[in-house]
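> full-length UniProt numbering puts the sequence shown at residues 1 to 436.
A portion of the hints provided could be inaccurate.
Here are the simulated distance ranges between beta carbons [claimed, not checked]:
hint, residue 1, residue 2, range
1, N352, G408, 50 to 60 Å
2, N352, L166, 48 to 58 Å
3, D187, E149, 21 to 31 Å
4, S426, Q270, 11 to 21 Å
5, Q301, E163, 31 to 41 Å
6, E390, S322, 22 to 32 Å
Below are the DSBU-like pairs computed for lysine-lysine, each with C-alpha atoms no more than 30 Å apart in a straight line [said to hold, decoys possible]:
hint, residue 1, residue 2
7, K328, K357
8, K90, K59
9, K90, K43
10, K430, K377
11, K377, K305
12, K422, K153
13, K59, K73
14, K239, K430
15, K74, K153
16, K304, K156
17, K59, K328
18, K362, K328
19, K328, K430
20, K328, K305
21, K70, K117
22, K157, K90
23, K74, K214
24, K328, K157
25, K214, K73
26, K362, K43
27, K304, K239
28, K117, K171
29, K59, K260
30, K70, K241
31, K328, K422
32, K129, K171
33, K171, K156
If you're looking for bench data, these hints aren't it; they were derived computationally from the structure. For each residue, glycine too, the CB sits at the ideal point set by N, CA and C.
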Amino acid sequence: MGRTRRTRIKNKNVARDLNLSSDRDLVYFMQWMTRNGWSQLHKFQVSEFKNTGRGVLTKESVHVGDSLVKIPKKLLITLNSVSQSEHFTKFTDLSNRFSTQQLLAAFLVFQRHLAEKSFWYHYINSLPKTFPIPAFYNFSNDVPDFLSEEISKMLKKMREQYEHFLQSINKRLKCDHCNNSAGSIFDFESFKWAWCTVNSRAVYISPDCGGNLKFQLTDSNCLALAPYLDLFNHSNSAKVKAAVTSDGSYEITTLTDCKKFSQVFINYGQHSNLNLYLQYGFILESNINDVIPLSFPSIVQCTKKIYPNVLNSMNTYVNYISSHSLLKNPSLNLDGLSWSANVIIFILISSNRMNLKSIEFKVYSDDFDDEDLQLIKEIALILIEDKRTELGGFVNQLENQGGALSSGDQLLCHQTSINLIKEYLSILDKCESTFH
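Between the sequences and the hints, there should be enough to build the whole structure, so can you do that?
Here it is, written out as structure tokens:
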């Protein structure tokens with residue numbers, strides 16, 4: 001998954017005159033890491049950057065093939081760590097099946113409530129208390145439908161995992177450390193914080209590294225929390241290799257050079273801005289992975305502006321579109337229309353002038369003539385203008401609401417949603433230019 005807290009609109013690496021290495025919590029955290037087998041591999045310094053917030057500055061050149069960071073096995077929070085915690089496992093009904101994220105989140109809740117009695121205290125204390133992501137604030141109103149739907153899915157998943165976990169523990173059982181009941185320890189607000197922590201900071205590991213577990217899982221045992229790793233920010237241009245070494249450590253090796261006195265980035269994977277916003281709370285300018293989803297009804301509606309009778313004999317054609325998975329990812333992007341959007345429009349405008357066999361031949365041989373392309377272009381331009389009007393309206397609504405929000409991550413989340421939609425408007429401009 002990944003780890004960051006800042007909205008990222010401009011990818012500049014200029015650091016402020018702010019060295020965070022003297023921050024008390026950070027000092028205690030680094031000392032704890034060192035006591036438990038971790039060592040700094042380079043002259044790295046935790047700093048505050050103008051456009052990315054907290055990150056890692058290198059005071060020496062880093063070269064291709066260098067190891068950036070190596071986290072000892074002892075400092076990785078995995079399901080093996082969870083299984084070995086007798087105080088935690090005694091609360092759970094081991095006959096139930098859990099997801100990996102669900103268990104890691106619940107384990108974090110338990111460890112946080114232990115405070116200084118927890119081995120993980122300094123790591124947990126270094127984590128943010130809130131997250132600038134929409135699921136953390138139930139921020140699903142007054143945004144485009146495709147964004148609202150994704151936020152609602154995350155909220156639903158989080159709530160379901162919490163309710164399932166709550167039903168799987170003995171809520172009256174007392175904690176040995178504080179004598180509080182399990183029901184009071186595992187409250188929803190704490191679980192939400194922990195779930196968002198895992199969602200934004202966990203890394204993927206091979207299920208083979210998981211060890212023997214006491215739990216039955218609904219998914220593969222492939223997640224771990226790696227302290228210190230969340231200090232590195234993401235860049236699409238960074239190239240790294242991540243691996244679990246023979247001694248069980250989690251190591252990241254850089255595949256690109258990094259200049260002295262610049263920020264060291266890693267790569268969370270090829271994510272669209274929508275996914276970056278949902279998972280981590282930031283976006284990137286001109287993200288090549290961005291698309292603007294299109295719904296089938298919106299494509300039909302725009303097509304009917306030129307071809308009002310397009311659905312007169314469409315049942316066969318609609319069935320064809322559905323059965324060939326063309327409705328999965330129709331979208332607009334920096335290069336124009338996605339393949340599926342092109343095909344859907346072509347089928348719609350051709351339904352009254354071609355039989356299905358002729359349409360199918362053209363689609364799969366990519367044999368569109370100039371007339372076909374001109375007709376598709378006309379509909380595409382209507383779609384772009386329709387989407388531009390829709391998104392522009394949401395920007396105005398959101399900007400008018402900003403003053404009513406509190407400061408901090410909630411306001412940052414709100415502003416990032418505005419910036420995300422503005423990025424989509426920029427995509428529409430570039431998309432439109434491909435048709436001229």
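> Next step is simple, just say for each hint if it's right about the structure.
Against the structure, the hints come out as follows:
The supplied range of 50 to 60 Å is met by N352 and G408, whose beta-carbon atoms lie about 56 Å from each other. A C-beta distance of roughly 56 Å is found between N352 and L166, which places it inside the suggested range of 48 to 58 Å. Separated by about 28 Å at the C-beta atoms, D187 and E149 satisfy the suggested range of 21 to 31 Å. Checked against the hint of 11 to 21 Å, the C-beta distance between S426 and Q270 comes to roughly 19 Å, which is consistent with it.
Q301 and E163 have their C-beta atoms about 38 Å apart, which keeps the hinted 31 to 41 Å range intact. A beta carbon spacing of about 24 Å between E390 and S322 agrees with the range 22 to 32 Å that was offered as a hint. In summary, the hint linking K328 to K357 is supported, as the alpha carbons are separated by about 22 Å, within the 30 Å threshold. Taking the CA atoms of K90 and K59, the gap is near 47 Å; set against the 30 Å cutoff, the hint is violated.
Taken as a hint, the K90 and K43 pair is broken in the structure, with Cα atoms around 43 Å apart against an allowance of 30 Å. Between K430 and K377, the direct Cα distance comes to roughly 14 Å. Compliance with the 30 Å bound is thereby established for this hinted pair. With a C-alpha separation of about 14 Å, the suggested pairing of K377 with K305 holds against the 30 Å cut-off. The straight-line distance between the Cα atoms of K422 and K153 is roughly 23 Å, inside the 30 Å bound, and the hint therefore holds.
For the hint pairing K59 with K73, the CA-to-CA distance comes to about 27 Å; that is within 30 Å, so the pair holds. At most 30 Å may separate the alpha-carbon atoms for a hinted pair to count; K239 and K430 meet this at roughly 27 Å. As the CA atoms of K74 and K153 are separated by approximately 34 Å, the hinted pair breaks the 30 Å bound. Among the hinted pairs, K304 with K156 is inconsistent with the structure: their alpha-carbon atoms are about 35 Å apart, more than 30 Å.
Our distance criterion of 30 Å between C-alpha atoms is broken by K59 and K328, whose separation comes to about 47 Å. Between K362 and K328 the CA atoms are separated by roughly 20 Å; this keeps the pair inside 30 Å, and the hint holds. For the proposed pair K328 and K430, the alpha carbon gap of about 23 Å is at most 30 Å, so the pair holds. At roughly 24 Å between alpha-carbon atoms, K328 and K305 fall within 30 Å of each other, so this suggested pair holds.
Using a Cα cut-off of 30 Å, the hinted pair K70 and K117 holds, with the two alpha carbons roughly 26 Å apart. The straight-line distance between the Cα atoms of K157 and K90 is roughly 25 Å, inside the 30 Å bound, and the hint therefore holds. For the given pair, K74 sits about 19 Å from K214 by alpha-carbon distance, which is consistent with the 30 Å threshold. Of the pairs offered as hints, the one joining K328 and K157 holds, with about 21 Å between alpha carbons and a cut-off of 30 Å not exceeded.
A distance of roughly 19 Å separates the Cα atoms of K214 and K73; the hinted pair therefore holds under the 30 Å criterion. For the hint linking K362 to K43, the alpha-carbon distance of about 59 Å lies beyond 30 Å, and the restraint is violated. The suggested pairing of K304 with K239 is violated, with an alpha-carbon distance near 46 Å, which exceeds 30 Å. Between the alpha carbons of K117 and K171 the distance comes to roughly 22 Å, so the proposed pair stays at or under 30 Å and holds.
Restraint check: the Cα-Cα separation between K59 and K260 comes to about 5 Å, which is no more than 30 Å; the hinted pair holds. Simply put, K70 and K241 have alpha-carbon atoms about 12 Å apart, close enough for the 30 Å limit, and the pair holds. A C-alpha spacing of about 24 Å is found between K328 and K422, which places the hinted pair at or below 30 Å, so the restraint holds. For the suggested pair K129 and K171, the alpha carbons sit about 25 Å apart, so the restraint of at most 30 Å is met.
Of the pairs offered as hints, the one joining K171 and K156 holds, with about 22 Å between alpha carbons and a cut-off of 30 Å not exceeded.
Figure legend: structure checked against the earlier numbered hints; hints not met, in rising order: 8, 9, 15, 16, 17, 26, 27.
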